[in-house]
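Visitor: Protein chains in written order, with the working numbering: chain A, 1 to 148; chain B, 1001 to 1169.
Don't read these hints as lab results, they were simulated from the structure. Keep in mind it's a predicted model, so treat the numbers as computed, not measured. Just to be clear, a hint being listed does not mean it is correct.
[Claimed, not checked] Derived pair list, reagent style DSS-like, types lysine-lysine, alpha-carbon separation capped at 27 angstroms:
1. A/Lys107 / B/Lys1155
2. A/Lys133 / B/Lys1128
3. A/Lys66 / A/Lys84
4. B/Lys1155 / A/Lys142
5. A/Lys107 / B/Lys1120
[Claimed, not checked] Over 10 angstroms on every C-beta distance to chain A, these chain B residues come out as not near it, computed from the model:
6. Asp1040
7. Ala1085
8. Lys1087
9. Arg1097
10. Ser1098
11. Leu1114
12. Asn1123
13. Ile1132
14. Tyr1164
15. Phe1165
Where is the CB? At the ideal position from N, CA and C, for every residue including glycine.
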Amino acid sequence: MKTKINYLLLLTVIVLINVSLLSAQQKPEPWRTDQLMATSALAAKIESNQTADLLILSIGPDAIIKGSVAIGPTQEAANLAKLKNYLKQVPKDKKVVLYCGCCPFDKCPNIRPAFSTLNKMGFKNAELLNIPKNIKVDWIDKGYPTKD
Amino acid sequence: MRSLFSILSIVLSVHTGNAQHHTLAIGQTAPVISLPSLKDGIITLSSLKGKLVLVDFWASWCAPCVKEQPVLKSLYEKFGDQVDAGKLEILGVSLDRSRENWLKAINKYQITWLQASDLKYWNSPVAKAYGISELPYNVIVNGEGKVVAINLHGKELEAFIDNYFRSKK
């Protein structure tokens, strides 16, 4: 019985090591974990009108969030150019919050090129809105402020 | 050995445990769909009564949805006789925001089945009515307007339609 338990323990450890190795092998994201902004935090700021120090940019199909600027899906070269152009007039220390919300992060084609662009342009306070599923589930359905 | 399988299944379920929560149930009357068609006018689901309808919720910005369009195309061709006989239809409901991108995808994948969209992206009331929390998503609605299947893809989808028409013979 004891050997059986040990055997199972060993197998579990092997499985877990493999899982962590697999995730470690994935390409690093252009953002750090501390650059992910919670949707509740942004919603609270918008609701209390404390967005003067923020620039909220939609880099997805639509700018659903109240007060955000529509750049367009940055998987398209034209929209990425639009983003670069827009950011030329923005001070590098401005807090810029990017969001897409079409799909979960692993399937979103827009967030990586946009965030990398901000990094390359030297924006120090870039953040990415943490939307695990999409803008419907994680924003609209929660009753957070939208444009309409 | 059984416990080994349970450990493995727990580990695996952590990784695949993002299943969609349906507010829609099989047997329920399908919520109303009444949306602008690709050309002029409005397409309604109720106008397709009598047919088995695959309602495909998709968008040109959704990579896995776009990838599925050629699969739907071969399905539409495979069941061409049923389509011609007025027994089967596919209704593509797009959550696109840009009409231009929607059209581009339709042309690229030579989609010949019905297409409708209010171009309201995730704000579309239809996304709410069907409780969609993730794309791709589809439902199959029978001739009486009842939901008979939810979110079937690939071989499962094909087998379902196949069985449906076999049982009708």
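Visitor: If a hint holds in the structure, say so; if it doesn't, say that too.
Guide: Against the structure, the hints come out as follows:
1. A/Lys107 / B/Lys1155: Answer holds: lysine 107 of chain A to lysine 1155 of chain B is near 23 angstroms, not above 27 angstroms.
2. A/Lys133 / B/Lys1128: OK: lysine 133 of chain A and lysine 1128 of chain B at ~15 angstroms, within 27 angstroms.
3. A/Lys66 / A/Lys84: holds, 22 angstroms
4. B/Lys1155 / A/Lys142: violated, 35 angstroms
5. A/Lys107 / B/Lys1120: With Cα atoms ~20 angstroms apart, lysine 107 of chain A and lysine 1120 of chain B stay inside 27 angstroms; holds.
6. Asp1040: holds, 24 angstroms
7. Ala1085: For alanine 1085 of chain B, whose nearest Cβ neighbour in chain A is about 37 angstroms away, the distance exceeds 10 angstroms, so it holds.
8. Lys1087: holds, 33 angstroms
9. Arg1097: About 4 angstroms separates arginine 1097 of chain B from the closest Cβ of chain A, which leaves it inside 10 angstroms; violated.
10. Ser1098: Not fine: 7 angstroms to the nearest Cβ puts serine 1098 of chain B too close to chain A.
11. Leu1114: holds, 22 angstroms
12. Asn1123: violated, 7 angstroms
13. Ile1132: At about 8 angstroms from chain A, isoleucine 1132 of chain B fails to clear the 10 angstroms cut-off, so the statement is violated.
14. Tyr1164: Holds: least Cβ distance 30 angstroms, greater than 10 angstroms.
15. Phe1165: At roughly 33 angstroms from the nearest Cβ of chain A, phenylalanine 1165 of chain B sits farther out than 10 angstroms, so the non-interface label holds.
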